[in-house]
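Asks: Each chain, letter by letter, is given below.
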Amino acid sequence: MGNKVVAMLLAGGQGSRLKALTSKIAKPAVPFGGKYRIIDFALSNATNSGISNIGILTQYKPYLLNTHIGIGSAWDYDRNIGGLRILPPFTSEEGGRWYTGTANAVYENIDYLDELEPQYVLILSGDHIYKMDYNQLLNYHKGKKADVTIAVMEVPWEEASRFGIINVDEKDKIIEFEEKPPKPKNNMASMGIYMFNWKELRKYLRKDNKDKDSVHDFGKNVLPKMLEEEKKMYAWNFKGYWKDVGTVRSYWESNMDLLDDKNTLNLYDKSWRIYTKNKNLPPQYIARGAIVNNSLINEGCHIMGELNNSILFSEIIVEPGAIINNSVVLSNCTIKSGAVVNNAVILEDTVIEEDKRIGEIGDNKIYLVSGKKIWEE
Amino acid sequence: MGNKVVAMLLAGGQGSRLKALTSKIAKPAVPFGGKYRIIDFALSNATNSGISNIGILTQYKPYLLNTHIGIGSAWDYDRNIGGLRILPPFTSEEGGRWYTGTANAVYENIDYLDELEPQYVLILSGDHIYKMDYNQLLNYHKGKKADVTIAVMEVPWEEASRFGIINVDEKDKIIEFEEKPPKPKNNMASMGIYMFNWKELRKYLRKDNKDKDSVHDFGKNVLPKMLEEEKKMYAWNFKGYWKDVGTVRSYWESNMDLLDDKNTLNLYDKSWRIYTKNKNLPPQYIARGAIVNNSLINEGCHIMGELNNSILFSEIIVEPGAIINNSVVLSNCTIKSGAVVNNAVILEDTVIEEDKRIGEIGDNKIYLVSGKKIWEE
Amino acid sequence: MDRCLGIITTLERDSNFGGICKNRPSYMLPFGGRYRLIDFTISNMVNHGLRTIAVYTGEKIRSTMDHLGDGKPWDLNRRINGLFLYPPINDNHVGTHFGDIAQFYSTMEFFDRTREEYIFLSNPNIIAKLNIGDAFRFFIDTGADITLIYREQLDPDGNLINCDKIHVGEDNVFENLGVNLSTEKRFNHYIGMAFVKKDIFIKILKDSIEQGNTNYFKDAIILYKDKYKINTYEFKGHVETIRDLKSFYKANLNLLSKDISRELFFQGGAIYTKSKDEPSTLYTESSNVQNSLIANGCVIEGDVENSIVFRGVKIGKGAFIKNSVVMQKSVIEENAIVVNAVLDKQTFIGKGVNIGGSILAPYVVEKYQRIVKE
Amino acid sequence: MDRCLGIITTLERDSNFGGICKNRPSYMLPFGGRYRLIDFTISNMVNHGLRTIAVYTGEKIRSTMDHLGDGKPWDLNRRINGLFLYPPINDNHVGTHFGDIAQFYSTMEFFDRTREEYIFLSNPNIIAKLNIGDAFRFFIDTGADITLIYREQLDPDGNLINCDKIHVGEDNVFENLGVNLSTEKRFNHYIGMAFVKKDIFIKILKDSIEQGNTNYFKDAIILYKDKYKINTYEFKGHVETIRDLKSFYKANLNLLSKDISRELFFQGGAIYTKSKDEPSTLYTESSNVQNSLIANGCVIEGDVENSIVFRGVKIGKGAFIKNSVVMQKSVIEENAIVVNAVLDKQTFIGKGVNIGGSILAPYVVEKYQRIVKE
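Residue numbers (the working numbering), protein chains in the order written: chain A, 3 to 379; chain B, 3 to 379; chain C, 6 to 379; chain D, 6 to 379.
It should be emphasised that the hints constitute simulated quantities derived from the structure, not laboratory data.
The C-beta atom is built at its ideal place from N, Cα and C for all residues, glycine as well.
Be aware that one or more of the hints could be misleading.
A short, non-exhaustive set of chain C residues, derived as facing chain D with CB atoms under 7 Å [claimed, not checked]:
no., residue
1, I66
2, D75
3, P92
4, P93
Please model the complete structure; the sequences and the hints are all you need to start from.
Replies: Quick look at the structure:
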């Protein structure tokens, strides 16, 4: 997609409903799927779509996120020309300015975009798990000669009122936005992925910045304003796996999705790899006597016990006689002999002591487990 | 120097006395010496000294500085393990925190240092022009078993009252600090370069952060506090070229120093190269009829006129009949036919119109020239 | 343009270059003050959006590896696509091993793996700032299997004898490829650049090997010319064909023409090369430089005229350099005189030494050679 | 340790490895599920602070270039020092060209340019997690010109016949270097690692070439043993010497011992290798894995026992793999049986196929080979 498209990836979200999962890190840095962090999906989509320039807007506890991204080499963004740029808030003569909303974060970095002179700006979120070829969105956008194209997807009717719903005419032209409508008119939800013509976006960002009533949010302010002023806005219908992991339960569910035969987020597809920072660990070792059923295991694990329907991140020791069912275990945990763990998300560096019992197979609760505390949900 | 030393480079300074030179950029990003920016000197010293980890503390208008540094490849800092990390201010649950002083900036990044577990932390400033092997400072520091070692240098007595003066005993142990003393007891000035034992520094940074009377500055608060509490503090005597470019006149002078035979900042020394971002320009072309005397010219220039005692950055066109004397011309300028320029610093992208005259050879003024305005000093 | 692989390979003989190609293939020759010949080919590809580039190297591979390395100066140090170096192999199982076809065939895995559907071939010994995008559109729009790029040349002095001569029919149709013997005043010079559909390219490789009737891709084009749709595209810019010492010397000096240097250095984007971090060049009071290209890192105290001076060269007081190519880190001491010469890297011309060749056959000083007055 | 150059070179013959070294030098053999042999040597050097490493490659250079490239996985893609690959040259002016001395000599410019004063030599076919720092201190403290590293070996089965046998005198003095013919129960095995002062190293190269009395550095040590101060340093850890197919197979299976894998994979720092970005490995309900090392990106539906399974391998339902080394991207279909075998990269074992060798002579399936039931 060359220099014509610059992606701006919003990665400042706190994700407070994820509780202890985000106590030290921003939501995009939360581990997912056995070896990834959530932001890996958007970053890998961008590099696989051939986007050469991507700005990452950070604000909340960026330290681990920055460590994870490094110079971007995992995603092939360690370039001399273009590549990846982390864009935190900064000061000028008028003093420091924190980002006050999604649109404001992009507004504050107009210099970055101006220098790259893009034709299109793609707004992405670092909170979502999905695989998407942004070229398809771009081609649709070009074909419609749109000012902005919003990626939308069908959600279950019963959940539609949790989303921003987009109403279109028969030619997919957007005629109305409904933000979390109690009675939605349809079930097409905005995915928070926008392809803008840069010239138009630039104009509206400047306008929005001067508007004292605005909270400087794309969904709440900038897009409705554009609609009001009759800009050409289209919806592009995405079909495929997509998840915005909001709560601990949905986090657990999305991980478990990967063990489902019918799961459509195929991580083994070599034509659309998901890249992540390499930890340089040796292969996993499965000992004599171990039992492993329908589970994903990552490098550096040492499995001597029993695993059923579980996802293990790296460097986890499962001692003989320990049993893990329907759980997600983050890196560097030890599950000691005789412990039984059900329906849990176990945080990094946790030791589950001998004969400890967490949950029951059928109890329909999710347990978030750290070394100090267990949260139920 | 391996992982034992981590450098923290303070690059947030505004440098307001440099006037239009810092209107869009932080002081460390100001161009210097025909092809460099000021920060190149500290960065090149660090890489030449074998320091693998360097954190760059930015705050004021970091955009161009970030573009210049990129992923650090010019200084060989584009590493997977360690390397260069830009450390801007960030937010946490308690909200955003701008850096309030040099010590506070380092304090806010204790996480970064803790992860690297250094034995020593070297504090550097991005504002200084000098070549220094930090290994010599380190070896001295180790030899003295010091808690902190401060690099000092002799300054002319008449200028001593502009500096932080350091008084030592016969074994170079520091016994007193004098911040800009009206009547200095000696002429050894602090260069703002400190080698700390990380454990001690960490303790004092935490202490300083709690102190409500502190302005969180190394020179004003942290070091005096350490002296008060009888830490082992030594002065290491640096000999060589060193300049803190404060004003437009001293900026011009430091550049002119490079044309002096007796100049000790040898840029041609292959064993201690100064690295900078590569602009990928072709060689300079000197046309038939051009006159070039005692001048430095950089790539991409096209010289048809006359140069005397001048420094030309890149992609400058000097038309036939134009004359430049005792001047510093930044990149992308055009000096048109018949123009005569004396004792000037010409800002980037400036066009000096035909037959324009700036200054007189002996008038003892310095002219800072932009396309719109000329400042005299 | 990310639908197109870049393939760089040459058939030039290093022996035509005398001492300057003893330890390097000719495409690695220093050029224009700070570049190597191959920099122009790679940079032009990169500037036109090619993302995957393979270089089929010469036998003397060390200098190529040192210079191109991982392709960082061209931002080709990528995990996905990027730069690939293929040194010649001579131990596969495909019969004879001379010719480019065996080398291409030995990397079949590369052609299979890459997603690009088209190939842009280029000879690094021919410098031409082709607008690859425009030519590619012609190739696609005309639906050709192969498009060969040529330049109409006027060659009264026979400088281009033995160059590839292309015969173009109506509607740009390719008729045949021969060798220019300078019997005509004008001829159409095939400049070693061509577009080929990847599947056709692979088919030609396999056919040539199975049939055993040719070892060179150029010959295969002639052989299969009626089987595929082959046409031609005219390039109208400046071309430098570097085939021997004389043409190498001349191509360097040609850069003193403003039009040529502007076209080769700037048109269509910058030329990237491995950076050496030299400071600016210092001209002292005693220097006098006229009509010359001077790279960074030099200290010039003497006279230079109509010359190309590479990085880090030192020219002493009273020295006089004229019509010469002085490569990197050479030292010319006081009062030495160098006229019509090519000085390779790190040569040393002592005080008062006087050397000179003719403008048609420059005097060559080989790498590291020291010439001092007895 | 930044005072020490790392030099990697081997004299092992690829022909001892049968089909698995047809297109790669033996130091490039896959090892331990996701590595190549040479990864252990390079990583150990990097983990002990060596910053400049030169690899004198084999003739089959393409796989080396592809894997090591610019040295990025080891953070050796540096502008200042870093990784240097030296493919063999055979066209210099120094007489005969076999032997490592001619190759070292051909890169004299490298030895001259680098600032390190010492050299650490290592043979990539011998894996040993030497604490290079400790050994270096011994070398420096004893003031030796050369320190050779050995391991005392008990070799009742004669597995180490023809290995280098070092004779150690009192106070670790080097007495001589011979070949182990297994006449003694114990012997001191020179493990191909040595420290040498750079100036002495260069002197030995020049002397050997001028005198014409040896082509191998190892022979030169014997020849000049009284001229220089040579001593020895005992290594006490685990050593794998990979000299042929059998030792290669055994070294892989040895990793199933917890002590050996802990030492080789973790001691003194991680082993770095070119990353392939495979997802986690999926074990289905029907899988049964016992005492095996499994890399990422596999889908395991069958039975695996006492085996090493590399990245991206697929093992179908009812398949049974035992005592085998299964390299990257191989596919073993349903109900196939593979026992005592080495399957090279991307092999395909069809449904119900039954293959097996002996534990002393494993069955080898070559790269890309497909075995299906008739």
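Asks: So, for every hint listed, does it hold in this structure?
Replies: Here is how each hint holds up against the structure:
1. I66: 6 Å, holds
2. D75: This hint holds: D75 of chain C lies near chain D, its Cβ roughly 3 Å from the closest one there, short of 7 Å.
3. P92: For P92 of chain C, the interface hint holds, since the closest Cβ of chain D sits about 6 Å away, which is under 7 Å.
4. P93: Cβ of P93 of chain C sits 10 Å from chain D, so the hint is violated.
This entry does not satisfy hint 4, going by the numbered hints stated previously; all others are met.
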